[in-house]
Amino acid sequence: MNAIHTVALLAVAEYVAFSALVGRARMRGRVMAPSTSGDEAFNRAFRVQQNTLEQIVAFLPALLLAGRYFPPALVAGIGAVWLAGRLLYRQQYVRNPASRAPGFILTLLPTVVLLLMALWGALGAQAAP
Amino acid sequence: MNAIHTVALLAVAEYVAFSALVGRARMRGRVMAPSTSGDEAFNRAFRVQQNTLEQIVAFLPALLLAGRYFPPALVAGIGAVWLAGRLLYRQQYVRNPASRAPGFILTLLPTVVLLLMALWGALGAQAAP
Amino acid sequence: MNAIHTVALLAVAEYVAFSALVGRARMRGRVMAPSTSGDEAFNRAFRVQQNTLEQIVAFLPALLLAGRYFPPALVAGIGAVWLAGRLLYRQQYVRNPASRAPGFILTLLPTVVLLLMALWGALGAQAAP
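Chains as they are written, first to last, in the working numbering: chain H, 1 to 129; chain Y, 1 to 129; chain P, 1 to 129.
Chain H extracted, bound-state conformation (with noise of 0.2 Å):
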């Protein structure tokens, strides 16, 4: 198994399986495209992607480069905090949006973390891509 890329891998899914439920909460809701302002239920569902988006553009880069310098179990370890962080985020926001700051750390800590990491490693690289 390579650990790394499934942790990747996963953390699309989850994405994915986060937009594919607003999509759901757009026919339920009935919200007509381009329109992304509906009901409630929409609107949450809807800004847990748009987080998820933001954050899954930082996480990935870091996490597949603090790869190519550190131990492939450490890296995807931190990674796994962030695949459990975000289940925790979409559970607690579609409850209740002012809850969401537990998930929320759990993913931008692993990302900050993970970005450090690689910083490290590039910056102490003996050069060529």
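Accuracy of the hints is not assured; some may be wrong.
[Stated by the list, open to error] Ranges of calculated distance between the beta carbons of each label pair, as one might list FRET restraints:
1. Y/A41 - P/A84: 12 to 22 Å
2. P/M1 - H/E40: 44 to 54 Å
3. P/P71 - Y/A20: 45 to 55 Å
4. Y/A20 - P/Q91: 17 to 27 Å
5. H/R24 - P/S37: 34 to 44 Å
[As the list claims (entries may be wrong)] Here are a few chain Y residues that face chain P, going by a calculated C-beta distance under 10 Å:
6. A8
7. A13
8. V16
9. P34
10. Q50
11. V57
12. L83
Simulated from the structure, these hints should not be mistaken for lab results. Positions of the beta carbon are idealized from the N, C-alpha and C atoms, including for glycine.
Got chain H; can you put chains Y and P on it based on the hints?
Same frame as chain H, but now just chains Y and P:
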């Protein structure tokens, strides 16, 4: 020719072109920043770009990681469906957002197939990134 | 030092910082989730982050794939223009959105150049990812 890189870069080019078309619609409709809501032509162009953004974030990692485990011609061929699907999506969305399903499915489907292929490959890999 | 990885990671760090500034503006302006519309300071911070998201999604693949075919110092140097352009973009946008053009162009242009370089490289490559 590196077929997978070519498909990945054409997808980015398509997305950059869609973004440029939002800029044009912004000027024509005199939609002043930071607003992202304007006349119907702007709103449609904007949602096409946003949806392409939402999709390319899943498509590119799925495409590039599937390419680590499967023959380039196969992976690039599936990716080419995405390229065509997005063009269809934009063309239909701009005319009538309610008719966007075929183009939408022709980009979602290749992404999901590549994602499953990549996951299959990553789970069966011999370790090491 | 791996110059291309360093530029890629600094771009992600810049984007994460812009995202954190949206969080700060959200608290200061008391913009309650799931809303993404608030006072002018929030709206500008939010659009800066969103536009950086829209751009980094094209920039990172173009940068990393151009790095497969061209000398790291050249690719990283072009990428560094992006880093500076985004800082300028944010600074000017926050002050007056109508003055955002120079920073915008200084990020769009390096992206387009890297994209064309990467495409050129991918089309002329000897096969194999």
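Given hint Y/A13 near chain P, where the shortest CB pair must fall under 10 Å: Cβ of Y/A13 sits 6 Å from chain P, so the hint holds.
Whether the CB-CB distance between Y/A20 and P/Q91 falls inside 17 to 27 Å: Cβ of Y/A20 to Cβ of P/Q91: about 24 Å, so the range 17 to 27 Å holds.
Given Y/A8 as an interface hint, is the shortest Cβ-Cβ distance to chain P below 10 Å? This hint holds: Y/A8 lies near chain P, its Cβ roughly 6 Å from the closest one there, short of 10 Å.
Is the gap between the beta carbons of P/P71 and Y/A20 within 45 to 55 Å? violated, 29 Å
Chain P contact restraint on Y/V16 - CB to CB distance below 10 Å: holds, 5 Å
Interface hint for Y/L83, Cβ within 10 Å of any Cβ on chain P: violated, 13 Å
Under 10 Å is the threshold here; is the Cβ of Y/P34 close enough to any Cβ of chain P for the hint to stand? Y/P34 check passes; min Cβ-Cβ to chain P is 4 Å, inside 10 Å.
With respect to the beta-carbon atoms only, verify the hint that P/M1 and H/E40 lie 44 to 54 Å apart. holds, 49 Å
Consistency of beta-carbon spacing, P/S37 to H/R24, with hint 34 to 44 Å: violated, 24 Å
Go through the hint on Y/Q50 and say holds or violated, using the shortest Cβ distance to chain P against 10 Å. holds, 8 Å
CB of Y/A41 to CB of P/A84, is that within 12 to 22 Å? For P/A84 against Y/A41, whose Cβ atoms are near 34 Å apart, the range 12 to 22 Å is violated.
At a threshold of 10 Å, is the proposed contact between Y/V57 and chain P supported by beta-carbon distances? Nearest chain P Cβ about 6 Å off; hint holds.
Consistency with the previously given hints fails for numbers 1, 3, 5 and 12, ordered from lowest to highest.
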